[in-house]
Amino acid sequence: MSSKIKNTTGPAAPKGEVWVWFTSLGLVLGLSMVLVLFGLILFRGLSYFWPAPVTQIELREDSESALRGMTTFAGVLAKTQQRTERVLAETEEELDEEDAGALEMIPQTFTELHLFIGNRDAYGQSFRYFREDDIVARFYPDNIIRAERRSEGDGIFYPLRLQLDDGTEFDVSDEGFEAALRRVVREARSRRSEINRIERREIGRINLEINDIDLERRYLQRQEALTDSQERWLERLGERLQALQEDFAVHEAEANELRRENQANVLFFERSDGGQGRIAIGDLFRYYYPNQLGFFDRIGVFSIRFWEFVSGYPRDANMSGGIFPAIFGTFVMTLIMSVAVTPFGVIAAIYLREYAKQGPVVRSVRIAVNNLAGVPSIVFGVFGLGFFVYLMGGSIDALFFPRAAEMGTPTFGTGGILWAGLTLALLNLPVVIVATEESVSAVPRGVREGSLACGASKWQTMQRLVIPASLPGILTGMILAMARGAGEVAPLMLVGVVALAPNLPIDGNFPFIHLERKFMHLGFHIYDVGFQSPDSEAAIPTVFATTLVLIGLIVLLNLSAILLRNHIRKRHLGSAF
Amino acid sequence: MTQNRDNPTEISPPGGQQKTPIGQQKLHVEQQPLGDRGNFNADYISFRDYSFYYGATQVLFDINLALPERQVTALIGPSGCGKSTLLRNINRMNDLIDGVRHTGDLLIDGESVYNPYLEVISLRKRIGMVFQKSNPFPKSIYENVIYGLRVAGRRRKSVLDEAVESSLRRAALWDEVKDRLHESAFSLSGGQMQRLCIARAIANNPEIILMDEPCSALDPVATGKIEDLIHELKNDYTIVIVTHNMQQAARVSDRTAFFYLGKLIEYGETERIFMNPENSQTEAYVSGRFG
Ligand SMILES: Nc1ncnc2c1ncn2[C@@H]1O[C@H](COP(=O)(O)OP(=O)(O)OP(=O)(O)O)[C@@H](O)[C@H]1O
Ligand SMILES: [Mg+2]
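For the record, the sequence lines run as chains A and B.
Using the working numbering, the first residue of the first sequence is number 1, and each one after it goes up by one.
Using the working numbering, the first residue of the second sequence is number 578, and each one after it goes up by one.
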C-alpha cells in the first residue's frame, strides 16, 4: 500500500479520464448525425410547399441538353451540381471497330442545373438536367404561371386566353382576364368539393347498401330451394336494390352535371418551349405567378399548400394531392396498438414481477420476452397474417359473416386496421413488459410493506400504490412502443396496409368505426410514392414532405404521452420513482 | 465481553437458569397488577419456544416471551440480534420473504397468528406498524391517513373525515397539517412524515402498534414529540418498540427485553433491567460498555 503511494510523483493524474472524452465524442457524433438527418428532412420536406421562383433558360441550338428539338425551358431550380464524366476523345471516328479497347476516354467536368420543368404530359418527365455551358440565356419571366393540375403533376406555362362556356373570351392582355380566371377557378373548386361530397357521402352510403344487398341476393340465388318467405324476401331485396340504383343514378347524374360544367371553361396556354395547349378549369386546382409573389404571398401559398397536403386526399396515383388518409390511418392504427399493447404488457409484467414464483421458469420467460424484441418485424407480419387474419379473422367471418365469406368477400378474414394494430401490439409487447417490470420493481419496498401492514391485500397494494406509482414508467414504455409502431412498415404490408384506400376506417356510415377496413399508412405511403411510382424523381419532394409529416405525427403523439406522464408525475410530487 | 460476542455458545441462559426441556421452560410472565390502569392480560403477545429461520440460517432461538397488554415493551440489543425479525413476525410481515420458516408458536390474546383459519389480512388490521424509515404513500396527507380504512372498504365521508382528524390529533400532527390535508405527503418534513405514518397506523384502530426504530432518523425535538405520543398511546394500545437508544427505552417503556445473537437474554420491568440487571451482558449493554 505505502509503496504505491511513494511511487506516485507529482500530482496524480486520475486514471481513465480519457474515456470521458470518448463518451462525449460519441455523444457529439450521434447527436450531429441525428441533427443532420432531421435538418435535411425538415428542409427538404418544407421546401416541397415553398413556391420558389421559376427561371427560364435558353439552350444552344445543337446542345445535348435539348429535348426533341425543344431548346427553351422554364422551371424551378432544384440544385446545381458538378459532374465529371468520361467522354470519348475527339479521335473516335478514326478508329476501327476492333480497336474499341483502344478508345481514349478523358474525364471532363461540367456544371449542371437540375430543373423542375413540370408539364409531364408534354416532356414525359418532371425533372431534367441542363449543362450550364449549353445555356445561352437565363431570366425570370414575370407572367409565367405555375398550375397544380388534376393529373400529370404541375404545369408551368404562360396563359394565352380564357374561354368561358357562355362564349366570352378573355385575352391575357384584356383587363378582366385575371379576375375572370380567379372567379372560374374558385367556382370550379366549389363544384369539386360538391362532387366529392356527393361521391363520398351519398354515393358511398348507397354503394355500401348495394353491396350488402347484392351479396345477400347472390347468396340466396345460389340456394337450391327457397322457402316462400325467402322468395318474398328476395323479391323485396330486388325492389330495394332497384330503388337504390335509381337513387344512385340521380346522384351520379348530379355529379356528372357538375363535372361537365367544370370542363366547360378552358384556359389556353403556351409553354416556354413554344408548344401550346389547353386545360379545363376543372382540372386546374390552383395557380399562381411564382415570380410575382412577395415574401408574405409566398408564406401564404406555402401555408395553403401545407394545409392541403395534410388535410387533402391523394390524387394522380398518390403523386399529388394530400395525404390525410395516410395520416389518419397511421394515427388510428397507432392508437389501436397502444390500447391493445398496454394492458397486456402491464398485466404480463405485473404477473412476472409480482406474482410468479421467481425461478428458472420465470427467468427463461423473461429471456424469451426480451429476445422477442429482436425478432425481425416481418416475422411478426407473417404471424399476424396467419394468426390474426386467417385464424381469428376467419373464425369471426365463419361465425358472424358466413355468407360474405362463402361468397369470397371476407370481412375480417382479410387484412385490416385492427389486425395491423394487433400485430404491431405483439411486436411491441416486449418493450412495454420490460418498461413496466422496471418501473414496478423500482417502487420502494417500504411503500409495499406499509400498505400490507395497513391490512391491504397484495392486489390492493398493486392497484392503489404500485401501479399508480409505476404509471410514468409504463407510459415511457408506451411512448417507445408508439414511436416504433408508428414507423414500422414491413409487417403492415402483410396485414392490411394499401397504397390507396377508398374509405377511412372511421367515417359517417353506420357503424362508424370500421376496424376491418384496409387503410393507408404514412410509412407505406413513403415506400409506395418513393419507390413504386413511374416518375421517381418527381416523387422525391413528396417523399420528404411525407417523412416530415410522419415524424411530426410521432413527435406529436409522443409529446402528448410525455405531457400526460409529467402530469402524473406531478401528482406524485417529490416521489423518487 | 468481546470474547462472548465471538462465541455465542458461552452465553448463559437468562436468569442464570440452565436449559430446561421445551414445554417446561418458564414463561417470563409477571403476575402483578398493571398500576392504576387496572388489570390487563400480561400474556397478551406470547412467543412460545419460538425459533425463526431465513432459509438455512436460524436468527431466533427458542424465544419464550410474554408481552403485556396496553403497555410499552422495548426490544433492545446489538445490531443483527433479531429484534426486527421478532417484531415483523408479530404481524407476519416476514411471510413476504421466500424461504422463511419457524418452529414454536406465537399467540396474540391466546390465538395463534399461524392459525390456518385466521386471515393474515385481518390479523394485520389489528396491528399497526411504524417503520424505521418513514414510508408515506405517494398520495395526499388525507389519503395516507385513511389508507387502511379505504382498503377495508369504508366510504362514508363523515367517517373518513372524523378518522383523519382524530388520528392526526393523536399523532400530534393535526395543527401542523390541518390546512393542507390534500397536499402530497411528500411535502412534509421527515419528523412530520413519521408522525403521519403513526397516524396512519392508529387510524385503523388497531390493538397493537409495532414500532421499528421509529426515531432513528429524527432530531431530538421530533423524537421528543414521538415519545410523548407513545406515552399518550399506551393507554389504548399495546406497543412494542425496537430501539437502539437506551435513554429512549428507559423513558418510554414499561418493560424491556434484551436480545443477543437471536436469543432472549433478559426480560423484565424496565426499571429493573436498567438499574439492576441480573445478567452481566445486559448490564454491559445498557450501561454502554458492550463490545
Ligand atoms: N431477509 C433476510 N434474509 C436473510 N437473512 C436476514 C433477512 N433479514 C435479516 N436477516 C438476518 O437476520 C438477522 C437478524 O436481523 P434483524 O433485522 O432482525 O436484526 P436487528 O436486530 O433488527 O438489527 P438492527 O438493529 O441492525 O436493525 C441478521 O443476521 C440478518 O442478517
Ligand atoms: Mg432492525
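Some hints could be false.
[What the hints assert, rightly or not] Computed Cβ-Cβ distance ranges for the label pairs, DEER-style:
id, chain 1, residue 1, chain 2, residue 2, range
1, B, Lys755, A, Ala442, 46 to 54 angstroms
2, B, Ile674, A, Trp459, 47 to 55 angstroms
3, B, Ser793, A, Ile513, 56 to 64 angstroms
4, A, Ser47, B, Ser766, 25 to 33 angstroms
5, A, Gly487, B, Ser766, 30 to 38 angstroms
6, B, Ser766, A, Val379, 39 to 47 angstroms
7, A, Asp507, B, Val697, 53 to 61 angstroms
8, B, Gly632, A, Val379, 53 to 61 angstroms
9, B, Pro655, A, Val365, 38 to 46 angstroms
Source of the hints: derived by calculation from the structure; they are not laboratory data.
Heads up, the beta-carbon is just placed ideally off N, CA and C, and yes, glycines get one too.
With 38 to 46 angstroms as the target window, see if B:Pro655 and A:Val365 comply at their CB atoms. The hinted range 38 to 46 angstroms holds for B:Pro655 and A:Val365, with Cβ atoms some 43 angstroms apart.
Does the Cβ-Cβ separation between B:Lys755 and A:Ala442 fall within 46 to 54 angstroms? The hinted range 46 to 54 angstroms is violated for B:Lys755 and A:Ala442, with Cβ atoms some 33 angstroms apart.
Does the Cβ pair B:Ile674, A:Trp459 satisfy 47 to 55 angstroms? violated (19 angstroms)
Tell me if the beta carbons of A:Gly487 and B:Ser766 are separated by a distance inside 30 to 38 angstroms. violated (48 angstroms)
Is it true that the C-beta distance of B:Ser766 to A:Val379 lies inside 39 to 47 angstroms, as the hint says? violated (56 angstroms)
Regarding B:Gly632 and A:Val379, is the given constraint of 53 to 61 angstroms on their beta-carbon distance met? Taking Cβ atoms as reference, B:Gly632 and A:Val379 lie about 43 angstroms apart, which means the hint is violated.
Quick one: are B:Ser793 and A:Ile513 within 56 to 64 angstroms, going by C-beta? Distance hint for B:Ser793, A:Ile513 holds at roughly 59 angstroms.
Evaluate the given range 25 to 33 angstroms for the C-beta pair formed by A:Ser47 and B:Ser766. violated (58 angstroms)
Given the range 53 to 61 angstroms, decide if the beta-carbon distance of A:Asp507 to B:Val697 lies inside it. Given about 55 angstroms between the Cβ atoms, the range holds.
Checked against the numbered hints listed earlier, the structure breaks hints 1, 2, 4, 5, 6 and 8; every other hint is satisfied.
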